[in-house]
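*Asks:* Be aware that the sequence shown starts at 9, since it is given in my numbering, and climbs by one per residue.
Just to be clear, a hint being listed does not mean it is correct.
Mimicking DSSO-like on lysine-lysine, the simulated pairs with C-alpha atoms at most 27 Å apart in a straight line are [to be verified]:
| no. | residue 1 | residue 2 |
| --- | --- | --- |
| 1 | Lys64 | Lys120 |
| 2 | Lys51 | Lys95 |
| 3 | Lys289 | Lys178 |
For the record, the hints were derived by calculation from the structure and aren't laboratory data.
Please read these numbers as outputs of a predicted model, since none were measured by experiment.
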Amino acid sequence: MAIQYVPSNYDFDAQHDGTEHLAVNNTWPRPFLTRLALHTAGKLYKREGLCVPISKHKILKTGFRVHLTEGATMKYLAENTAIPVPKVHCSFLYRHRAYIVMERVQGDELSKLLRTMPKETLENVFSQLREIIRELRALSPACTGVESCVGGSLYDSRIPQGNPRFGPFKTIQDFHFWLRKGLRPEEIQDRERDQDWEDLQEMMRRQDGPWPPPVFTHGDLNPSNILVREGRVVGIIDWEFSGWYPHYWEYTSSWFGNITRPEWQSKLDQFLDRPLPGELKMEEVRNKWWGEC
9 MAIQYVPSNY DFDAQHDGTE HLAVNNTWPR PFLTRLALHT AGKLYKREGL CVPISKHKIL
69 KTGFRVHLTE GATMKYLAEN TAIPVPKVHC SFLYRHRAYI VMERVQGDEL SKLLRTMPKE
129 TLENVFSQLR EIIRELRALS PACTGVESCV GGSLYDSRIP QGNPRFGPFK TIQDFHFWLR
189 KGLRPEEIQD RERDQDWEDL QEMMRRQDGP WPPPVFTHGD LNPSNILVRE GRVVGIIDWE
249 FSGWYPHYWE YTSSWFGNIT RPEWQSKLDQ FLDRPLPGEL KMEEVRNKWW GEC
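Put together the whole structure using the sequences plus the hints.
*Replies:* So, in structure tokens, the structure goes:
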């Protein structure tokens, strides 16, 4: 099993404090049998990122970045939507590490099919994705800010200051203020008024303005997280970045998160609503100064 690099300045153990209630079906002997399967049957299968198949129909996700929130999110979506998410068999904490046992969805990653799938079939897949997004948008938020589906912290590896987790935030404006590391408009009043100055001022003006309620967002809709079988979307996986976010976040996170996949970027408009030009520019400026892009 590959050894995962753990940054020394992050307290990954503390991220699990007070989260035991998020466990799913955490009853004896499931935790014991899960760890036993990891060290026996798990060695018979090829590891898939943070996931280890432990049987033909079950897969285990564990690692220092894995959090019980992801299992709780899939359970929430299964109970409140018809979105095809993996069934969570159980989840639990053991020695400050989260374990999520879920259905091993039988399907191919869309990333492997994009160039060979017939146009009509691909259009049908995008139609299914539009319906999935519509269902996500139909969920009613219990909050006015940015938080996970259970009202707690979030995770997004593309936000440098967000490790191991961040939030929740009472308002979308608070989230934006945190994203720009507390920069206030008056703090750049004295700098040279060049294009960067104008872009930052406009970014902050938009970020601090009024916002509609948050919408539930997957946060990482790349084609490897979409599983397809015989022309049907049978699984949307990897919900670790998900939560209640501003309405533009699904599109911009998919756009900037797929800089190396221009072919996928060109297809986003077929199933996601493009944000206003000013919102896309706002995120472009933020990523330039505080992101990884």
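*Asks:* Hint by hint, note whether the structure agrees.
*Replies:* Hint by hint, here is what the structure shows:
Taken as a hint, the Lys64 and Lys120 pair is honoured in the structure, with Cα atoms around 21 Å apart against an allowance of 27 Å. Of the supplied pair hints, the one linking Lys51 and Lys95 holds, its CA atoms being roughly 23 Å apart against a limit of 27 Å. In summary, the hint linking Lys289 to Lys178 is supported, as the alpha carbons are separated by about 24 Å, within the 27 Å threshold.
In terms of the numbered hints stated before, the structure departs from none.
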